[in-house]
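Participant: Sequence:
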Amino acid sequence: MLKQIEFACAGILLVAVVVLVGVASIARAMGSPIIWSIEMAQLIFVWLCMLAADIGMQENRHFGLQILQDNISPKARDLVELFNIVVIISFLAFLLYYAWGNMILMHPRLVGATQIHASYIHASMVVGLLLLMRTMVFKLVERIRSKGLF
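Under this note's numbering, the letters of the sequence shown match residues 606 to 755, in that order.
Rather than coming from a laboratory, the hints here were simulated on the basis of the structure.
Predicted model only: the values in this text are computed from it and were never measured.
Here a beta-carbon is modelled for each residue, glycine too, at the ideal position from N, C-alpha and C.
Certain hints may be false.
[To be verified] Pairwise CB distance ranges, derived in the manner of DEER restraints:
(1) Gln671 - Arg750: 21 to 27 Å
(2) Leu700 - Gly627: 54 to 60 Å
(3) Val691 - Arg633: 34 to 40 Å
(4) Gly717 - Val685: 42 to 48 Å
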């Protein structure tokens, strides 16, 4: 259910950015540019990227190097896979710490013509990293259960 909500939100954001860019292009061509369109398009696009990254992670569509795993036994392959997931979760937690600090730091800053807080843009990283961590924790639990490792 959460995956469907994420996919719907990503679809809505994609449509919003396309419509916004289209309308802004037409308005600019007619000599009446929408001055806040660039900031809003950036805000929407950053949120879209983070949602898309999590959707890609859920569907195993991110790249990976299999050279090591293709040349070891199935049991060792399972352990390497678990180790990789734990490393990714650790790395995401490390990034989350700094993303949170950056979001807090950017709150007083106002963005261009829209005068919205920059923390709304930077919050996409916090939410995106949390979504990615959730996905990786679910993958870790799923792999442990399916392989009967522990």
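Participant: Hint by hint, note whether the structure agrees.
Facilitator: Structure-based check of all given hints:
Range check, Gln671 to Arg750: about 23 Å between beta-carbon atoms, so the 21 to 27 Å window is met. Range check, Leu700 to Gly627: Cβ separation about 34 Å, and the 54 to 60 Å hint is violated. Judged by the Cβ atoms, the range 34 to 40 Å given for Val691 and Arg633 is violated: they are separated by roughly 49 Å. Between Gly717 and Val685 the CB atoms are about 47 Å apart, so this pair conforms to the stated range of 42 to 48 Å.
Violated hints, listed in ascending order, are 2, 3; each of the other numbered hints is respected by the structure.
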